[in-house]
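J.: First residue of the sequence shown: 393, per the numbering used here; consecutive thereafter.
Honestly, the hints are just simulated from the structure, not real lab data.
Just to be clear, a hint being listed does not mean it is correct.
Just the calculated beta-carbon pair ranges, DEER-fashion [said to hold, decoys possible]:
#1 Met860 x Met898: 41 to 51 Å
#2 Met898 x Gln710: 33 to 43 Å
#3 Met898 x Lys966: 23 to 33 Å
Yeah, the Cβ is synthetic: ideal placement off N, Cα and C, and Gly gets one too.
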Amino acid sequence: MAKITSLVIYIRQNSRFVKNLGIYIRNLSVGTNGGNNGSEEIKLSEKRFNPAHSQDVTEVAKEVCKVIRSKPKWETTLLSDYPSFNFYDSSFFCELLKELNNVLLSLRFFLWLSSHPEFVPHPVSCNTLFDALLEAKACVAAKYFLHSFSFSPEPASLEGYIRCVCEGGLVEEAVNVFDVLKETGYRPSIETWNFALQNCLKFGRTDLLWKLYEEMRETGVLADVSIETVGYLIQGFCNDEKVSRAYDLLRQALDDGLAPYNDTFNKLIYGLCEENNYDRVSEILHTMIANNRNPDIFTYQEIINGLCKKRKQLQAFQVFNGLKDRGYAPDMVMYTTMIHGLCKMSWLGDARKLWFEMIDKGYLPNEYTYNALIYGFCRIGDLDEALKLYKEMHDRGYKETTLSCNIVIAGLCLHGRTDEAYDFFREMPSKDVVHDVVTYNTLIQGFCREGKILQSTDLFRELLEQGMHPSTSSYTHLIQRLCEVGDVQEAKKMWNDMHNRDLKPMVCTRDHIISGLCEQGCAVEGMEWLITMLKSKLKPQKQTFDKLVKSLIQIGKLDDSLSVIDSMFRLGYKLEEGTLNYLLNKLCKNKYQFVQSHLEEIINFN
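Could you build all of it, start to finish, from the sequences and the hints given here?
T.: Structure (structure tokens):
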């Protein structure tokens, strides 16, 4: 029954078959009535409608395409629908690929063919499908196809494959293909090399960039090096924080008459700013001008941003004003960067001036600009103006964010309005604004500063209950305050918890614990902490030494106090005069002979 149904479907879909079938029936009828049983006519008719015949390949391809597009599970019935057709013919597949005009459906058909043991993939079919996958930029499918079937693509196709997989982020696959092409003696164009280098940078694989660079050297491609090549290599050095090598390569390229484009110069300028090497930044600017690569707005943006990050806001402001004098128009990003930098210096007058200048230029403040100025007012303690600006930002349609709330909370805590900050904190969830670790840390620090240790520890527990991961800052202020109020044991528990979470304590945290131990009369244990610090090549604060020395003297540990003083002097600290006199008095009472023989040395300690 199933075979009859399939035959009916085939007849309905194939008008030519209907016509041929009519001829076949008529000829059969004639043959039956004739004397030779119609054998010759039957053979002739079979040849005419045999779909495997070259003249019918296109028609069958069209029909199969319709089936593939319309029938979800066509793989289960296709052979029975076309029982006499040879689907394994390579010419048919090429025709189907052209008619189907859908490379992924064509791949599906090819995989269906491959599921039959009698199918042997033809090189022409494989190459045709592979090239079609590349043209469609189906990089994952192309990679699968290349590694699943034994065929040898043309070198030009492999070069196209390099571009295809690079665009899809499979840069490691691209680098491997260069090795294959090298073995065949084929040399890709410098454009293909550059395309691969560019995508290594794009996807953060400088390790592969340097591997390609070595292959370029080995194959002699560097003789054809272009401006783009130099640019990508310089950017690679900068990404790997090898700015001096990037600078050397730039000088070499300029000597060879190759002046990279502005984006490369900008990248190098950014790296030099990160290294605080502003003498070379100035040199690069002059070099750009001398090589007709006039610094653009992005160049100055890198310089200003770099200076602000290095807390050189004054120099950044000078560059900012200089570029305006040269006729450049700062954009929104540059205005925001400069306003934030000025606010960090507490130059609110200049920041406000830039704010209104920006508006006059047609740039309306965005949430980042608002946050920068709000931060500035919080910094100088003008909280009323900060809150007024915060409300204005909200009224203009900018949503409250965790960042903006954290700025306000920090400002309130900084200026002793911690209870207001806490109320602000509690209102955040009702505004669909989430707390983060910074929010908790800021409030913990604020409460600790005001001596509200109970509120601080409650917030710390809440932080943990919310499933957040505390940071070093979460512990530092709590440990300090616990030591100051005499709860050193709890401080040490927090220290151990911090270590168990693989958090690296700040150096000052150890100072707080040593001071706390001294206050509790545990100077010997404090000395053990000090020794551990020195062995770890950490430098304790001067007041830590002073407190420990006094505590050791008080409990009669004079030898230990002298040992601590020795370490203190080795680090370049001086002993307070009062502590020195106290030490000498104790030594005279307890070790007179020692003092008499070493008096000059003791005095010269200081």
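J.: For the range 41 to 51 Å, tell me whether the beta carbons of Met860 and Met898 fit it or not.
T.: violated, 20 Å
J.: Assuming the hint says 33 to 43 Å, is it satisfied by the Cβ distance from Met898 to Gln710 or not?
T.: holds, 34 Å
J.: Just to be sure I understand the hint, the distance between the Cβ atoms of Met898 and Lys966 should be within 23 to 33 Å; is that true here?
T.: Roughly 25 Å apart at Cβ, these two residues keep to the hinted range, so it holds.
Checked against the numbered hints above, the structure violates only hint 1.
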